[in-house]
Amino acid sequence: MTTVQQPATRSADDIRGDFPILSRLVHGKPLVYLDSTASSQKPVAVIEAMSQYYETTHANVHRGVYEISEEATAKMERARVKVARFINARQSKQVIFTRNTTESINLVAYSWGYANIKAGDLIVLTGMEHHSNLVPWQMLAQRAGARLEFVPVTDDGLLQLDVYEQLLQQQPRLVAFTHMSNVLGTVNPAQEMIAQAHAAGALVLLDAAQSVPHMPVDVQALDVDFLCFSAHKMLGPTGIGVLYGKRDLLEAMPPFMGGGDMIRTVGLRESTWNDLPWKFEAGTPAIAEAIGLGAAVDYLNAIGMENARQHEQNITAYAMEQVQQVPGLIIYGPGAARRGGVISFTLGDIHPHDLASILDQEVGVAIRAGHHCAQPLMERFGLAATARASFYVYTITDDVDMLVKGLHKALEIFKL
Amino acid sequence: MSMDYREYILDHYRNPRNYGTLAHPNAHAEDSNPLCGDQLAIDLLIEEDLVKEVRFQGRGCAISQAAASMLSEMIEGKSVEEVVQLGKDDVLDSLGIPISPARTKCAFLSLRVLHRSLALAGLEKPIDNDEEDQ
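Sequence lines, in order, name chains U and P. Heads up: the first sequence at position 211 corresponds to 418 in the numbering used here, and the numbers run straight through without jumps. Heads up: the second sequence at position 39 corresponds to 45 in the numbering used here, and the numbers run straight through without jumps.
Bear in mind the hints are in silico, worked out from the structure with no lab data behind them. Heads up, the beta-carbon is just placed ideally off N, CA and C, and yes, glycines get one too. There may be inaccurate statements among the hints.
Listed next, the in silico DSSO-like pairs over lysine-lysine satisfying Cα-Cα at most 30 Å (straight line) [claimed, not checked]:
#, chain 1, residue 1, chain 2, residue 2
1, P, Lys111, U, Lys616
2, U, Lys622, P, Lys111
3, U, Lys236, P, Lys84
Per label pair, the in silico range of CB-to-CB distance [said to hold, decoys possible]:
#, chain 1, residue 1, chain 2, residue 2, range
4, U, Pro583, P, Gly26, 41 to 51 Å
5, U, Gln517, P, Pro132, 50 to 60 Å
6, U, Ile275, P, Gly102, 52 to 62 Å
7, U, Ile228, P, Pro132, 35 to 45 Å
8, P, Gly128, U, Gly490, 17 to 27 Å
9, U, Lys236, P, Arg65, 22 to 32 Å
10, U, Gln345, P, Thr27, 26 to 36 Å
11, U, Asp430, P, Arg12, 57 to 67 Å
12, P, Thr27, U, Gly490, 44 to 54 Å
13, U, Gln367, P, Thr27, 50 to 60 Å
14, U, Arg350, P, Thr27, 31 to 41 Å
Please model the complete structure; the sequences and the hints are all you need to start from.
Now the structure itself:
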C-alpha cells in the first residue's frame with residue numbers, strides 16, 4: 208500500500224495570484240467571487256494549456272495521420288489518463304468525456320436506464336437533488352413506467368438514513384444521489400450508502416459535481432457504479448464533463464448518441480460500435496476543453512485535495528461564525544463539520560435577489576440568489592429562494608469579511 | 007449601474023397596494039420568472055371599458071413586487087384603451103430608479119402579466135414573446 212504524499216500547503220493568498228479574474232474590478236471595487244459552486248474561476252495554467260493547444264497543435268483527433276492530429280489525440284488521451292488517476296479509476300477507458308454532469312447523468316438514464324429499467328421498477332433518489340439528477344429519472348420513469356421514491360431531508364439538512372434503509376428493502380434497481388448538496392453543502396455518507404445499496408442489489412450513480420472539485424474522491428474505495436462531474440466547477444473549462452463507470456456496465460450499455468468516432472464499421476442499415484470510451488463519444492469531442500481539464504487536474508494535484516478540503520472547511524467555519532452574527536440572518540443546512548464550502552441563507556424580509564444586487568453594487572461581492580436548480584428542496588424548507596455564498600481554494604477571510612460588510616449595508620438599505 | 011432602493015419602493019414592497027384576488031374578475035393572468043421563481047397573478051374587473059378594480063398576488067423581490075403594486079395603482083380607473091398603451095417606459099418612470107440589465111425581467115413581470123390578462127380577455131392583441139429576447 209502506498210501512502211499518498213500531500214504537497215506542501217500553499218496559502219489561498221498565494222493561490223489567488225494564479226487567477227487573473229480575481230484582480231479585476233466590478234462597479235469600481237475589487238471582485239469578491241463567492242459563486243464557485245455555480246462555476247469556478249480558472250488559473251493561468253488552464254487558460255494557457257488551452258490557448259497553447261490552439262496556437263500549436265489543433266487538429267481533429269482520432270483520424271488524422273499527420274503530425275499535429277497525432278499530437279492533439281495524444282494530448283487529449285493524456286488528459287483522460289490524468290482524470291482517471293485523479294479519481295483513482297482502474298482504467299482510463301472508464302472515463303467518458305461528456306459536456307457536463309447533466310449530460311453524464313442523461314447518458315446513464317438513456318443508455319443503461321432504457322435497457323434495464325422496466326415497468327414497476329424502483330429508482331431511489333433524495334429530496335436534495337439538483338434538477339439534473341432528478342429530471343432525467345422522471346423522464347425515464349415516465350417512459351418505462353418505473354417508480355421514484357425519495358430519501359427525505361431532515362430539518363438540519365441531512366438525509367434521513369432510516370428511511371433510506373426502508374426504501375432499500377423494496378429492492379430498487381438504482382439509487383442516484385448527490386455526494387454534496389449544492390444548496391445546503393451537506394456531504395452525504397456516500398461510502399456507507401453505496402455499500403447498503405449494493406447489499407440490496409441496487410446500482411449507484413453518484414452526482415459528484417460538488418465533491419470531485421473540493422475533496423479527495425476515490426471511485427474504487429467508494430465502489431461506486433457511475434460517477435458524474437463537470438470540469439468547469441473544478442478550475443477547468445465549460446463544455447466538458449465526465450462519466451466514470453464500472454467497466455462491465457459500460458461494456459454492456461448501448462451507445463447514447465450515434466455518429467462519427469463511436470463506430471467501428473458502418474453499413475447503410477447497421478453499424479458496429481467502437482471500444483470504450485469512444486463508444487460513448489460521438490462526433491468531434493471538446494478537445495481543447497479536455498486538455499484544459501487535464502491542466503486543472505494537474506493544478507489541483509499540486510495543491511492537494513486534502514489541503515483543498517481542509518482550507519474550505521476552515522473558511523466555511525469562519526464564514527458561518529461571521530455571518531451568523533448579522534441580525535436576522537438564517538443559515539440552512541448542517542454545521543460546518545458536515546458540509547462543504549457552501550452557505551445558503553436568508554436575511555430578514557430581504558428577497559435574495561435584492562440581496563445579491565446590493566452585494567454586487569455596494570461591495571463587489573458575487574453570490575447566487577434563487578432556487579439553485581433544486582426547487583423540491585426549496586419547497587421542503589418553505590422557501591422560494593435563498594442567497595448562497597460558496598468558497599474554493601482561492602477564497603480568503605477578507606472575502607468573507609466583505610460579504611459581512613455587504614450584508615450590513617443591505618440591512619441599512621432595507622431599514623432593518 | 008447602481009440601483010437605488012428608494013423608500014417608496016420598500017413601502018410598496020412591504021405594503022403592496024391592491025394586494026389579493028377579486029371574487030369575479032373578467033380578466034386574469036399569471037406568470038412566473040423561471041430563472042428566479044418570482045410569481046405574479048393579476049385579476050381585473052372591467053366595466054364599460056374601464057378598469058374598475060384590480061388585485062394582484064405574488065412573491066418575489068422588491069423590484070418585481072413594488073413594480074406590480076405601482077402598476078396596479080396606475081391602471082385603476084383607467085380606460086382599457088389607455089392600459090393597452092402602457093409600456094416598459096411607464097414602469098421605469100414609476101419605479102424612478104435605474105434598473106440593471108439582470109433585473110429588467112423583475113421590473114417588467116407585472117406589465118407582461120397585465121397585457122396577457124387583457125389579451126386572454128380578448129381586449130388586446132396577444133403580445134409577441136420574442137420581444138423579450140432583446
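Here is what the structure says about each hint:
1. P:Lys111 x U:Lys616: holds, 24 Å
2. U:Lys622 x P:Lys111: Distance of about 25 Å is within 30 Å: holds.
3. U:Lys236 x P:Lys84: Not satisfied, since the Cα-Cα distance of roughly 45 Å exceeds 30 Å.
4. U:Pro583 x P:Gly26: 41 to 51 Å: violated, 28 Å
5. U:Gln517 x P:Pro132: 50 to 60 Å: holds, 58 Å
6. U:Ile275 x P:Gly102: 52 to 62 Å: Hint holds: Cβ distance 59 Å, inside 52 to 62 Å.
7. U:Ile228 x P:Pro132: 35 to 45 Å: The hinted range 35 to 45 Å holds for Ile228 (chain U) and Pro132 (chain P), with Cβ atoms some 43 Å apart.
8. P:Gly128 x U:Gly490: 17 to 27 Å: For Gly128 (chain P) and Gly490 (chain U) the Cβ distance comes to about 48 Å; the hint is violated.
9. U:Lys236 x P:Arg65: 22 to 32 Å: holds, 31 Å
10. U:Gln345 x P:Thr27: 26 to 36 Å: holds, 32 Å
11. U:Asp430 x P:Arg12: 57 to 67 Å: holds, 58 Å
12. P:Thr27 x U:Gly490: 44 to 54 Å: holds, 52 Å
13. U:Gln367 x P:Thr27: 50 to 60 Å: violated, 37 Å
14. U:Arg350 x P:Thr27: 31 to 41 Å: holds, 38 Å
Checked against the numbered hints above, the structure breaks hints 3, 4, 8 and 13 and satisfies the rest.
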